[in-house]
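Protein chains in written order, with the working numbering: chain A, 1 to 154; chain X, 1 to 154.
Source of the hints: derived by calculation from the structure; they are not laboratory data.
Heads up, some of the hints might be wrong.
Note: identical chains are not told apart, hence a pair may lie in one copy or across any two.
Stated by the list, open to error - Straight-line C-alpha distance at most 20 Å; calculated EDC-like pairs for lysine to aspartate or glutamate: (1) Lys76 <-> Glu106; (2) Lys76 <-> Asp122; (3) Lys76 <-> Asp13; (4) Lys76 <-> Glu120; (5) Lys76 <-> Glu110; (6) Lys76 <-> Glu37; (7) Lys76 <-> Asp12.
Number of protein chains: 2
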Amino acid sequence: MTDEMPQEPRQDDLPAAAPPGAMLETALYAEDLDAAERFYAGLLGLEVIVRVPGRHVFFRVGPGVLLLFNPEETQKPSGNPDFPVPPHGARGPGHACFAATLPEMEALRERLVAAGVEIESDFHWPNGARSIYFRDPAGNSLEIAEPGLWARDG
Amino acid sequence: MTDEMPQEPRQDDLPAAAPPGAMLETALYAEDLDAAERFYAGLLGLEVIVRVPGRHVFFRVGPGVLLLFNPEETQKPSGNPDFPVPPHGARGPGHACFAATLPEMEALRERLVAAGVEIESDFHWPNGARSIYFRDPAGNSLEIAEPGLWARDG
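I would like the entire structure built from these sequences, with the hints used as guidance.
Next comes the structure, spelled out in structure tokens:
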């Protein structure tokens with residue numbers, strides 16, 4: 001098994017490591033970063049923490065960060081040997097979900113609707129948690145859900 | 001301005017709403033979900049919380065969830081009127097970043113290397129935070145970073 005699949009040795013032979021305890025960055029892609037910033041900062045109210053025009057704009061979301069990348073630029077190899085960030089870049093509609101309480105979700109929904117953003121879906125999951133779905137200007141499928149959706153006892 | 005861009009009315013005319021306080025879900029795409037599960041659960045140690053063979057596998061990451069979707073399936077419209085999840089699905093290498101302390105990062109790095117996973121990059125950002133980069137079996141660019149990378153005073 002090990003000889004046939006050198007990238008997958010028996011996992012009980014590997015040194016132990018605790019699993020990562022949190023996501024730090026969530027990435028989506030958009031070619032029009034100005035439109036993305038109007039949407040995520042202007043409409044959703046997220047704080048812009050980094051902006052490299054034409055390449056990326058990053059937003060703070062509580063303890064984490066939402067990254068909007070232009071795949072045309074991020075698919076290029078890094079030109080900076082001090083910060084050799086590997087290339088990446090996806091095409092087509094991605095997905096991400098924000099956590100919000102019901103009152104927070106309602107307020108955001110009203111603001112989105114007033115701005116002309118279509119609420120594409122709005123329903124309750126079997127455990128009772130509500131989710132709403134809408135699109136960013138690049139077509140990414142965004143969700144706002146009650147965090148109880150993924151509660152351990154949910 | 002409002003007439004020309006009906007989807008972007010003046011934002012100070014909109015009802016107020018607090019920005020979302022946290023990301024709840026981070027999504028990546030992989031056509032081979034079995035390989036993804038061996039990597040994210042078996043190697044990184046993440047707990048599998050939902051598995052729909054061929055369509056998706058979800059992993060708990062602290063207070064959030066990492067979603068691995070097969071875009072061949074998620075780009076199809078939902079067939080369930082009770083849970084009308086909008087279609088999405090990206091192609092090409094995406095990006096996500098896990099938070100870890102330095103000792104946690106070192107342990108994960110040793111385990112990845114022992115499993116034959118290449119550490120594609122490993123460096124310190126200007127504020128001192130360290131990041132390591134590697135690929136999942138689908139080619140997504142994964143990062144493990146010290147959370148101080150995005151600290152407010154970082």
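Flag every earlier hint the structure violates by its number, smallest first. Hint check: 1, 3, 5, 6, 7 fail, others pass.
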